[in-house]
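K.L.:
Chain order of the listed sequences is B and A.
Residue numbering for the first sequence follows the numbering used here, beginning at 50 and increasing consecutively.
Residue numbering for the second sequence follows the numbering used here, beginning at 19 and increasing consecutively.
Everything labelled a hint here was simulated from the structure, so no lab data went into it.
Do not take every clue at face value.
[As the list claims (entries may be wrong)] Residues of chain B placed beyond 12 Å of chain A at every Cβ, according to the derived structure: (1) V53; (2) V61; (3) Q86; (4) G89; (5) R93; (6) E105; (7) S114; (8) R122; (9) E128; (10) E148; (11) K149; (12) L150; (13) F152; (14) Q157.
[Said to hold, decoys possible] List time: in silico BS3-like cross-link candidates among lysine-lysine, alpha-carbon distance up to 30 Å: (15) K67/B <-> K121/A; (16) K113/A <-> K102/B; (17) K72/A <-> K149/B; (18) K67/B <-> K120/B; (19) K67/B <-> K113/A; (20) K72/A <-> K62/B; (21) K113/A <-> K119/B; (22) K149/B <-> K121/A; (23) K120/B <-> K52/B.
[Said to hold, decoys possible] Okay, the calculated beta carbon distance ranges per label pair: (24) L161/B <-> K121/A: 36 to 42 Å; (25) W58/A <-> R93/B: 19 to 25 Å; (26) R76/A <-> S159/B: 23 to 29 Å; (27) T132/B <-> W58/A: 45 to 51 Å.
Computed from a prediction, not measured in an experiment: that's the story for all the values here.
Where is the CB? At the ideal position from N, CA and C, for every residue including glycine.
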Amino acid sequence: DVKVTQSSRYLVKRTGEKVFLECVQDMDHENMFWYRQDPGLGLRLIYFSYDVKMKEKGDIPEGYSVSREKKERFSLILESASTNQTSMYLCASNDRVGEKLFFGSGTQLSVL
Amino acid sequence: GIQVEQSPPDLILQEGANSTLRCNFSDSVNNLQWFHQNPWGQLINLFYIPSGTKQNGRLSATTVATERYSLLYISSSQTTDSGVYFCAARVGYQKVTFGTGTKLQVIP
């Protein structure tokens with residue numbers, strides 16, 4: 050089975066801190082995604098990557114950046130965390146054909 | 019972009035009951051998936067079903083692409099079926115768009 054691993058389950062940060070969320074997948078998938086999930090808003094796409102060093106903006110990229118230096122790893126960076134970035138962050142991956150999407154277990158980030 | 023709507027938004031079932039969840043989408047899709055998010059937040063892919071019917075145990079799904087809807091059937095529901103069910107759709111090579119989900123509670 051595909052395994053998508055997110056480095057932290059819960060994270061508490063201060064306003065203004067730089068925050069790194071890490072995601073690793075073990076199935077050699079080309080595509081990787083970062084979503085945030087908020088009550089009543091569903092899942093919204095922040096950024097995605099279809100290859101190493103490639104990135105594309107999703108629906109809500111403002112305040113975020115990403116890094117994909119290796120195929121298996123996709124990092125989400127909050128350059129200066131703000132309270133409105135408190136959310137559940139979900140990483141996902143799929144192969145180049147782009148069929149089934151597989152998710153990590155999520156990181157609940159609280160920015161105080 | 020494509021609009022994805024799910025109904026009902028909330029559902030409470032007695033254990034053992036059957037239910038049907040619906041997903042409507044606004045355009046022709048080449049990718050339609052159903053997910054279950056458990057109470058701990060983990061999203062599990064249930065079905066990849068851009069058209070036709072699939073079954074997996076007590077769950078089955080049908081997508082009628084020409085009429086732009088998909089249905090998820092849960093039979094003989096169990097308390098472990100509780101959580102939020104999402105459908106997600108994609109048109110061509112565009113991004114996958116998620117619905118806002120159906121929150122299911124199965125009570126003993």
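K.L.:
Determine for every hint whether it applies to the structure shown.
P.N.:
Verification of the hints:
1. V53: 10 Å, violated
2. V61: About 17 Å separates V61/B from the closest Cβ of chain A, which puts it past 12 Å; holds.
3. Q86: 8 Å, violated
4. G89: 7 Å, violated
5. R93: Per Cβ check, R93/B is inside 12 Å of chain A; nearest 8 Å; violated.
6. E105: 8 Å, violated
7. S114: 18 Å, holds
8. R122: The assertion about R122/B holds, with a minimum of 20 Å to chain A.
9. E128: 23 Å, holds
10. E148: 5 Å, violated
11. K149: For K149/B, whose nearest Cβ neighbour in chain A is about 5 Å away, the distance does not exceed 12 Å, so it is violated.
12. L150: 6 Å, violated
13. F152: 4 Å, violated
14. Q157: Check fails; 7 Å does not lie beyond 12 Å.
15. K67/B <-> K121/A: Measuring from Cα to Cα gives roughly 34 Å; hence the hint is violated.
16. K113/A <-> K102/B: Holds, because 19 Å separates the two Cα atoms, which is no more than 30 Å.
17. K72/A <-> K149/B: 14 Å, holds
18. K67/B <-> K120/B: 23 Å, holds
19. K67/B <-> K113/A: 28 Å, holds
20. K72/A <-> K62/B: Not OK: K72/A and K62/B at ~44 Å, beyond 30 Å, violated.
21. K113/A <-> K119/B: 22 Å, holds
22. K149/B <-> K121/A: Status holds; Cα separation ~22 Å.
23. K120/B <-> K52/B: 14 Å, holds
24. L161/B <-> K121/A: 36 to 42 Å: 28 Å, violated
25. W58/A <-> R93/B: 19 to 25 Å: Taking Cβ atoms as reference, W58/A and R93/B lie about 21 Å apart, which means the hint holds.
26. R76/A <-> S159/B: 23 to 29 Å: 36 Å, violated
27. T132/B <-> W58/A: 45 to 51 Å: Violated - the Cβ-Cβ distance for T132/B and W58/A, about 24 Å, lies outside 45 to 51 Å.
Checked against the numbered hints above, the structure violates hints 1, 3, 4, 5, 6, 10, 11, 12, 13, 14, 15, 20, 24, 26 and 27; every other hint is satisfied.
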